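Put the two chains together into one complex; each comes in its own frame, and the hints tell you how they fit.
The lines below spell out each chain.
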Amino acid sequence: MSNKLNHSMSLAKPDAQDISKKQKIALATGIVGLFILTLALLNIDLPNTTVFLALSLSLITLGTVVYSRDAYLTKLEGIKNDGVWFKSISSRGFWGWTLGVVLTAFYIVLYFFSDLLGLGQGVDGTNTGLIALFDPLSQLLSGRNASQWFVYGTLYTVAIAAFGYKFILKYRHNRYQQLRTISVIFFQLGFAYLIPEFMYVMNSDIPYYDLKSVWPLNYYLFQDYHLGEFLNAGNIGIALIIFGILSTLVITPILTYKYGKRWYCSWVCGCGGLAETAGDAFRQLSSKKMSAWKLERWLIHTVLVFSVIMTVAVVSTFLKGSWQDGTFVEATYWLSNKTFLISIGLFLTLIFVGVMLFKKNELGKDARYGAIGYALVILSLFIIYFTGTNGGDIFFINSGTLKSAYGFYIGSIFSGVIGTGFYPILGNRSWCRFGCPMAAILGFQQRMLSKFRITTNGGQCISCGNCSNSCEMGIDVRAYAQKGENIVRSSCVGCGVCSAVCPRGVLKLENGALEGRINPTEVLLGNDVDLMNLVNKK
Amino acid sequence: MEHIVIIGNGISGVTTARHIRKLSDKKITIISAETDYFFSRTALMYIYMGHMKFEHTQPYENWFWKKNNIELKRAYVSKIDSVNKQLYFENNDTLSYDKLVIATGSKPNKFGWPGQDLKGVMGMYHKQDLETLEAYAPNNNVCKRAVIVGGGLIGIELAEMLNSRNIPVTFLVREHSFWGSVLPKGESEMINRHIKNHHIDLRLGVNLQEIKADDNGKVKSVIIPETGEEIACDIVGLTAGVSPNIDFIKDSGIEISRGVKVNRYLETNVEDVYAVGDCAEQHEGINGRRPIEAVWYTGRMMGETLAQTICGNRTQYNPGHWFNSAKFLDIEYQTYGWVFTKPGENEAHFHWKHEDDTKCITVCYDTTTNLFLGINTFGIRMRHDVFDRWLTEKKTVDFVMDKLSEANFDPEFYKTYEAAILTAYKNQLQTV
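From first to last, the protein sequence lines are chains S and A. FYI, in the working numbering the residues of the first sequence are 1 to 538. FYI, in the working numbering the residues of the second sequence are 1 to 432.
Just so you know, these hints were derived from the structure itself, not from any lab. Predicted, not measured: the structure shown is a model, and the values here were computed from it.
Here are the simulated lysine to aspartate or glutamate pairs, EDC-like style, with alpha carbons at most 16 Å apart: (1) A:Lys85 <-> A:Asp251; (2) S:Lys258 <-> A:Glu412; (3) S:Lys483 <-> A:Asp385; (4) A:Lys27 <-> A:Glu2; (5) A:Lys359 <-> S:Glu77; (6) A:Lys119 <-> A:Glu131.
Negatives, chain S to chain A, calculated, CB over 10 Å: (7) Phe35; (8) Leu46; (9) Thr50; (10) Phe112; (11) Glu197; (12) Ile206; (13) Tyr220; (14) Leu240; (15) Ile254; (16) Val355; (17) Lys365; (18) Tyr369; (19) Met448.
Even for Gly, the Cβ is constructed at its ideal location relative to N, Cα and C.
If we strip away everything but chain A, and leave its shape as in the complex, we get (with noise of 0.2 Å):
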């Protein structure tokens, strides 16, 4: 019976192993070497609030791995041997396969700070990050105040977590408004109100130049550049994105750049070892995606994908049209289609906020065809299957402005805004 190892129990690697129990009775071993069993790394943050135990982050009870016949192995693979399929292990264990599966996800990004390997210094992506932090800031009695450095997605989950356990909080962020590099203005300076509204210190525009010891080599400050500032704090958040897991794959013959290099079937230079998830890399981006797409979604669809592939249904991985999501503290985020910071060349944003300053949208659409091209929807929930509907129908932005309230997904009796958003929509129209 052909033998299946997945390293990684993420999101891709479980996916992937699930697809293929269903098409298949190959043997499969996933292995990981940060916990037991497969949990949502997403809701990390919701155990350090209190609001979930670790083991409700758990989306299958215990049982069910060996109900599907799915062994888990709890070890670090510290080589591969792709030539004579075989797995090395830190404590010089070996595995051999027939396939080997590299979903190994990312890790905090690293740029060389002065003192970023202090005691107290961490990322917040991997459960040891959650226990350091555990261990270093419990309380606003030990952690006096945290710094965080990076605006994205992460930076302000951590800042909520700390929020929630009334630690104050000094937010680094490069660029000049949150998310910067991704929002379109009127939505990211919306969500720098935000931020500011829950007390957390939000510094924009500013860079970390070095995280200062005190006497027990753990962090006692943090000198920005730009101000020449010393801000005292117990820890250190490093939030500035991440990168592909892959360091032990050098030497493997297993071709890498940023992360493991695959193509559209996701397979890599050596046959029968694919990668999926965050550490794939594709040669190049797919219909405007990125290369590497480190998002809970995509690294899913791989799985689904490569299941096909392995069970003997050669597939490529063919994603349709982008989506995510996000929650900066209280306002809910959803995105479909293409929206970026600027509308590029023959195309308009059309952009409506309400009073409240916690509700917005942004509407990407082309200038020439009046085609459709997306939407950014903060504090309204918006229906994905409408939304991909459209936009595989191509439709015009007046279609979508008029029929916007078939696509909202709040819950019943909620104010409804479309009314509002339509009358700004043509009002914009007329003036322009």
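Excised from the complex, chain S in its bound form (with noise of 0.2 Å):
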């Protein structure tokens, strides 16, 4: 097996012979799987849709597994990186281009054109063609139809379980890798797929909610729609209500206080967990380039800043009431809205003026953008209350339009069609890089509040790039491990693989004393103990 492209302009290729034997019949089984989905698509009748769906995604599973184990098992146990920069899909290469653009009509047509895979185009408003398949399997969990969001869940899950299971295979000599990849398999099945489903059939006023789904990243949580039906829901949809709020203010900042944001965007969600094992492949096409790391830093904060600014406003017209019959009815929740956005405002100014008192430090000179952001949170809080009309119009213009906006650009284009879309071009994680809202807010305590860094080990590093390339969040991790300095970055989501492919046992992920995390060193480990503790300590 050649991993080298070859030049050669022959037109049998001399050593055709990238794959095995055994690979390529997995491959074609999986393909199979694939044309069942296509031939579902494009609206074929398929006489029995049972059999043919678990037909579909059995061969799928089945073609991904044999090729990981022939991959995989047929070596020693090691790191498995041979030609990952040879291979076309993997090297932004005609399949990589091919592959993003595939992906990415895929999203435009799930979010935009749902009609297009079948959703309701039958009589009585029935499914038809691809969603139609699927229609067996959702009534078996929840007894309904399938829609356009059941298919994806399916498909996700599979994609999820599968590459999880390569992923698994590749890193078999190491347990952190397979621990965590074990971790959000569970975490995708369960809370993301099959609870909500559960919880359908318990009590079928509850709306969808993946309970491991946290504010911003579920951006809809505290929807006006979303917040009514929870109301609506009982007693349960309150506790359900509560168990949000709770998971943002105070589940999250604990465990991310104690191992990081990788307990989340590793081990748990659902966004990172596609990235990290059918995304795997793509890891190394992340920029690490410092105009990239800049263009991180703008944009993601600016998501941040929509996000809360949207949810506040949503919120706050939630609060104030709701046109029924044409009279305007003022909402008597406990929580008033004035007392609403009062409470923002205050949170938001202790976490403010917290930072700045005692982690002046550790933001350097990112103050400045911080406290610009802040200031633009707290002057929307105004005129969130001096604007916001009995319409729901903030801002001079409708809450809704907002909501929508940030839905149609944010939860959309930029997670769905971007960030998953453009794997095979900008990485496996650029969402999660540039555009999450939550890996913001977590990276900002990672940052400034957590036990958790990459050690580097002494003065043994090489430099010779290992870890920055398999970086899936752009991050130039050689750049500290080359100074002895330990890796204290918002952006980690400490996957772990740049520990795992360092040839000279550099890196250690680590919860440790908050003393001494971030290291900053001219002269390493190894040189003249004088010299080190002059140069140092300057």
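Spelled out as structure tokens, the structure:
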């Protein structure tokens, strides 16, 4: 097997042996599975949808499993990156671009043209096409017909499970990688996929709620229709709202303090789960340039500010009341709009002042941008209060418009179309890196107040660049390691692959004391002790 | 403004330049004939294996040099005129300097083997070697078999590279075990088995007699004197060590032996001329080290030190406790302190090996004082700072074995072996 691209002009490729016979059979199996989905998509009437759906999903899974076993179990345990920059699919070659276009097209159809997938296109609004193929499974789980989101959720879960298996085999010498992969498979299958379906069976008033999906990643959690549905669902609905608030304000900060943002981003999160499993082959494609880092910081924090303002505006409108039969009925919740806005303002001020007082050094030159962000949000709280009308207008536009703009640009275009569709072009974590507001909050805390860091092992770095190359978040890990510095970066999701691929055992993900966590050094361990002290203490 | 000229853009030269820039605004020029920008030589192998592209081996983005006001010049220095402080280039250009740093690194050893300059014979040191390898061994159709001569760190890396493209490898090692002149027997033999598990044809205790050419002056085969065997091959990798790359310095008045002779301040016999890294040769080894240390880390340390001297704070090169690391195919290796192939006088080794044959450690200690002297660790990562501290504090071997888990640096959730190691250590003491 040669991984090197062959530049021969001969028609019969002289070394057409990129993959083994077994892998070819496995590929064919998986493609037949995908082909069944394509037939359904093209509205070809499949006689027994139950059989064909089962066949399709099993063939895709089986193909991936057999392929992975042949790729990894035939070799000794170790790092399996041979040829990733030679293979067309993982180096932005022909197959990479093709896959990127196909995925992007799929996401556009999924988000904006679900009728093309067959949603409600049959007689009496029944499903046809691809969505109808998934009806039997949806009926089995929750007794209702499938939606485009059910189809998507099923394929998403299958992808995480099958490629998760592949990832576990790839890192079969590395327990950290195995455990976190089992974890993301578990959370996707249980929390994102099965539990919401079962919750619907128990109480059909409860809206879809993936319990592990935390605001602001779960941006619709506190939207008016969602809150309304929760409140209509009785005590269980209220309990879920409280759980949602606790997730953001209590659970998340505690876990992030103890373990860094990795507890969420690479152990729990569904977006992270897909990125780490199906997206693993593309991790090296993220840009490590300084310019990309600058863009990242602007983008992700802009999205965060946008999502905070949007959520506050929507909740504020909700708390005011609603129009019923032509008259405006003021809401009578225990929390008034004014109290809500004031408490948000106070809370943010508390965090801002706290950071400025105690964490000024960590913030460094970014303090200015933090202040701008804070000022923007506070200003908008006032605007929301003073320009808010009973019609739901704020900023002189409808809060519903704001909400749908966020849903369209961030929820759909950024996280779906670009975030996943562009895996083979921008790398597998471009949503997590450039767009996810949850990652922004967790990252901010990780940088300011967390025990997590990647420790650099004294002077052992040889600047080879394997760590930076494999960082899906585009962190130039080597820049720190070669200076003997620990890596304490807000964007680090703690996937642990830099540590795994390091050929000199230089990197270790750790939770430890806050003191000495950030350790700038000029002269590395191993040199004259006096010189180290002289230069490093400066 | 004083002009510092550095010949060589490897880790030693670049570290010197970076630190001079931190300490001063002197004019700095780095000259290299090999590449436009600094890259990590140790990462060359990963380019051939497809883990990275060449640009990924460059630790600094290309704008870095201009931003830090470090001039880069791509040229080949053919002569140094140390009297008039002038460099002559191959194309007859000249450049004058106020202070000169020689950091030209190494070149692969060739021991006068017949056929050593044939097409398809290469070392694995420079970027150009990689390009040659790519030309002669792009895949296993063009290259049906490769022969590697020399069982050290570069040899096994070259074997791993070729293995990644499924090119069959015959690996000739002169010693009776891989890297047998450095590693204790138990470790070296474990690596022998690991090499064979990768389907590499490892031949121990054999030499190279000659390399034979085909009609086009390209490698055809090698002859092994011990057996008289002729092995057909398409490339030969010469990896029998490296030596200082200093041919152009002859007749410059700068004292050389195997390398450029320097004192503890890294100064040569000529004023304002210094040497760092692989090409520098100490008059005598420091604290048991060799006079020439062709290691990434020592190159960096010399650079850190020399920058101080050049910027007015004359500082001795004073490396701390020895450390090093490598990777043998899938097995990582680290060493702290001194562990030689055999224990010296009043010294003993404690060796532990895991049953899976991919992890082992060897601890060297003084039998009279019980002092811990050093450790080799394979397949288990250990902390540099902890061992550095223990060595400085002169801990006993009992202390180290007892506290070994403090030094563990393996990723979280890994199985740990300290308890098993301690048990084995105690058992060994009882039987002695």
